[in-house]
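Peer 1: Residues per chain are reported as follows:
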Amino acid sequence: MLLALAWKNIWRNKNRSLIVVLAIAFGLWGGLFSGGLMVSMGESMVNSAIDRDLAHIQIHNPRYDENNDIKQFIPDPEKVFAVLKKEPDILAFSARTRFLGMASSATSSYPVHITGIDPEQEKKVTTLSEKIIEGDYFVTEHGISIVIGKKLAKRLKLRLHSKMVLGFEGLNGDLINIACRVVGIYKTESSMFDEMNVFLNQKYLFDVLDTQPIYHEIAIRSPNAEVVAALTLKLKKQFPALKVESWKERAPEIAFISDLMIQYTYLFLVFILFAVLFGITNTMLMSVIDRIRELGMLIAIGMKRVKIFSMILLETLLLSFTGGLLGIILGMGTIAIFSHVGINLSVFEASLESFGSSSILYPVLPAEMYVILTILIVATANIAALMPAWKAIRLEPAKAIRSY
Amino acid sequence: MALIEIEHLDKIYNTTAVPVKALNDVTLQFERGEFTSVVGPSGSGKTTFLNMVGGLDRPTKGKIVIDGTNLAELKGSKLVEFRLHHIGFVFQAFNLIPVFTALENVEFIMLLQGISKEERQKRAIELLEAVGLGDRIHSRPGQLSGGQQQRVAVARALASKPEFVLADEPTANLDSKSAEDLLTLMEELNREYQTTFIFSTHDPRVIKRARRIVTLCDGKVEKDETV
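Read top to bottom, the protein sequences are chains A and B. Last residue of the first sequence? That's 404 in the working numbering, and every number before it is there in order. Last residue of the second sequence? That's 1227 in the working numbering, and every number before it is there in order.
Computed footprint of chain B on chain A, listed as stretches where at least three residues anywhere in the stretch have a Cβ under 8 Å from a Cβ of chain B:
id, stretch
1, 286 to 297
2, 304 to 314
3, 392 to 402
In case anyone wonders, no lab produced these hints; they're calculated from the structure. For glycine and all other residues, C-beta sits at the position ideal for the given N, C-alpha and C.
Generate coordinates for the entire structure from the input sequences, incorporating the hints supplied.
Peer 2: Right under this line is the structure:
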């Protein structure tokens, strides 16, 4: 009955309550939707990086990261491969020969990461093969074939089938220059990656370097992202002499930005709730002032002040929940629709690419965010109820009954 | 022992520059089953007196003992609890909960007493029938006339089975017919259930029906006569 009374009380002044309900609902709707966009941008950055190059786990020689030196390859790689092949949580792995070099065309030069890959193995780990926008993925062979990014092609004024020269230091310290033919131009979500990475079939590199196969990086793909942390730990124990890193350890900045997007969304929602808190307080305060005589009567006939407090609290909770629920439903619905159809932000493509994010975003919010948001709404309602409820319980019944 | 014993009651208001003595050495006793009218001109202290007896305000001096309980000894929620179980109130402006039906208004006080839903519904219907509103139990206050609203207020006052009912100018907002009907009803309830009624008024129709009339003037008991 107290619940029924509280519910009926909030609808005494329909316009006033409706304004607050809509303020909460639209505030949360906007907050959730923009939060969904931010989180999806973070996820897009993570997924793009994993799919593009990072994979779930990477293994290196511990000294490789000092200066990406060609001599810091993984010792005894066959033993590592043997272990990886037996691991059930590994979908595929790609052993890469990777070092720094200089890419030159007739007009310009640019420092790049030269990556020798086994095209078929790489296909199982990353989506490079799907990002080819001109030419093909090591199908056409013209001498030493190379696949370069669109941004680099633009910088060096290269086109498909153009010739370019890669210069790098050999294993014995000699400077090596090789002429390559551009067979494919790729474009990923990150223009920076496209500018700084070139890919060759690693068999050419072994020939040029006159060496047995050497590998600097093993990129591992797991079928289940949930097991990456445990799998990383397991591989760390199995290869104590090597540097085994999860994608989060390898690219902490991407993991940080992704987490930051979620934190920002929370902060954004807290600000929205903080703003509506004043609206709720004002509405409830007006509601209490409108009912001073009635509240005085309730105290007079024997309603304890704690019950009066509970009633005002309940009214505030119901008012906030109505708005909150409406906002959550609108937010969830909008996110659900756009998570399927996507939002095309190609107008901002250049900016998004510089962050490594796709220009088509699929808004998404973690389920726990809705739970935390519900808790935040309850907390907001409780805070908003304090002043009106305090005013109500401090009424002196004899005076209140005789007020206007 | 009398139901209500009032000894040397003073109430001084210090809200203005000059303190106002609203009650001055009031000593009275009320027995069970009384039908008493407290009369006097405006400002004589009638409402202040009812507020003191109803435990809605504290006296500056003096003692009020109701059925053996000294009101001064009851603090905070104990006093509220005492009012809930021992005192019924009928207000001049009816003061019903506008969003509740007549039935819910009468039920609500029993809810506060912790009475089960079945019992409070049964009693609320009985009381509304007793006050002649058996066919309007689902009407909201806004759908009832002033007289009908005050009848609901009387039913609500009786729902908690109080020792006595305090009515502050209950007919002030009613037309003659409604006022007469209400007084007849209160008389019947007083006779039938031995409910004690104490009401403040300056309405001659009410004064005429009272069996005891206490006249206040400038906060003092000027006359106390049994009719």
